[in-house]
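Use these hints to put chains B and C onto chain A, whose structure you have.
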Amino acid sequence: MPSVFHLLPFFVAAWLFFCGLYGLVSSKHLVHSVICLAILQSSTYILLLGIGYRVGGTAPIFADIAPGTLTVDPVVQALMLTDVVVEAVVVALLLAMVVKAHEKSGTVSPDDLRTLRG
Amino acid sequence: MIWIGAGLLVLVAVSGWGVVRTRDVTSQVIALGFYGVLMALVFFFFQAPDVALSQITVGAVALPLMVMLAISRMKFRAASQRDKGERDA
Amino acid sequence: MPEATRTRLFLVFGGVFLLLFCYSVMDLPPWGDYRGPYGDVIARVGVYERHATDAVNAINYDYRAFDTLGEEFILFTAVLGVMMLLRREEGTATRDAGKVKDAMRLSTSVRTAAMPTILLTVVFGFYIGLHGQLTPGGGFQAGVILASVPFLLYICENTESFRRVTSHTCLEVIEASGAGAYVLIGLAPFVMGMPFLTNFLPLGTTGDVFSSGTIALISACVGFEVTAAFLLVGYTYLQEIITGEITEE
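Residue numbers (our numbering), protein chains in the order written: chain A, 119 to 236; chain B, 6 to 94; chain C, 290 to 538.
Only chain A is shown next, with the shape it has when bound in the complex (with noise of 0.2 Å):
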């Protein structure tokens, strides 16, 4: 029966999806929305990071040691590489949008916004 050791970053990615889930929908201002999804975005780093680990691995560069040597996975490093980066540009698409909404309607409140009015 594996323990909570075990599985830790899972359950620390679970959590952290949750946390973001729970901003997100409890949201009185648009832009706090928004870095509620940046921290939803980051749970998966921290999942797809825990399922490449490897006790007793290093980094795999091997520009000092030998190729060969036991290291963690580099696929799923390079994965989420582009991610990061590509993440901070789409938040500021997002933040576009808010500013934008901001403008028309003079108010961020999600709340105020909800209905479209025909």
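Among the hints, a few may not be true.
Calculated cross-link-like contacts (lysine-lysine; reagent style BS3-like; alpha-carbon spacing at most 30 Å) [to be verified]:
hint : chain 1 : residue 1 : chain 2 : residue 2
1    : A       : LYS146    : A       : LYS218
2    : A       : LYS146    : A       : LYS222
3    : B       : LYS80     : A       : LYS146
4    : A       : LYS222    : B       : LYS89
5    : B       : LYS80     : A       : LYS218
6    : B       : LYS89     : A       : LYS146
7    : B       : LYS80     : A       : LYS222
8    : B       : LYS89     : A       : LYS218
It should be emphasised that the hints constitute simulated quantities derived from the structure, not laboratory data.
Quick caveat, the model's predicted, so the values are computed rather than measured.
Okay, now just chains B and C, sitting in the frame of chain A:
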């Protein structure tokens, strides 16, 4: 060694909850910066220096900068509308 | 639905989701016991096949370069979206923003600390960008580091120096050519009858700066594009504050 990693992960979980519960947006940006640097520490523990470098530059420099630029643009416009209202009145 | 009801309903169903998630990860291999074959294969043969000592960047720009092309175009499209959303349409009247201007300069200590940081940041950014295939680094990180330099200049001086350093047309040309050059480097092997994004340049000696063929070249293109993307987004957000004019509603 693995206890340090477990401690860092618990700290990340607590810090994530702290970022979500901060209601004032300007303080939340500072909390987001702290959360980003803490995630970079976790990435260093997971033996991922490339990803940690990305996370430090983005999470402590670019992401708070983008959010502060958006907030300051909204405040600039609101302050200008207020000035225009005073001048017209 | 009032807000308190919404939050309570979410807590119930969110708690159920959390429990189901924790139940579903119980059969994963325990933390610290990575079993998959692909990571070990690439760690073993990556240095010999591609002459690149950084396995992560060899995967990013060579073994899975197609995914990185997709991510770079996500970046490109997001910047396009930001510029389209916040554009100033032709023909709208603009008016002066009034008393709201940034005439206050920051204190001397901030400016004195920021000036040498600019030089260090530029050198560090170029170092990280050029050594992507040898040590941790590469185009994405170098792009973000170099994009922070005009903002440091904005802290030191005023908006006039920021506007002089970041010419809008120049940034658009650099961003588009960075993205286009990536696609052209991918299409070039077609002339020789090889698949898209093959590493066709001479590989060089392991450990040199100019080694590992197209990895260094693609990394440089991505670096240019990411720098220009971040500066364009910053410029678009600051446009009203820099020029001091607001569009009339």
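The hints, checked one at a time:
1. LYS146(A) x LYS218(A): 17 Å, holds
2. LYS146(A) x LYS222(A): Measuring from Cα to Cα gives roughly 18 Å; hence the hint holds.
3. LYS80(B) x LYS146(A): 17 Å, holds
4. LYS222(A) x LYS89(B): With a Cα-Cα distance of about 17 Å, the restraint between LYS222(A) and LYS89(B) holds, given a limit of 30 Å.
5. LYS80(B) x LYS218(A): 13 Å, holds
6. LYS89(B) x LYS146(A): Roughly 28 Å separates the two Cα atoms, so the pair holds.
7. LYS80(B) x LYS222(A): 14 Å, holds
8. LYS89(B) x LYS218(A): Holds. LYS89(B) to LYS218(A) sits at ~20 Å (cutoff 30 Å).
The structure shown violates none of the earlier numbered hints.
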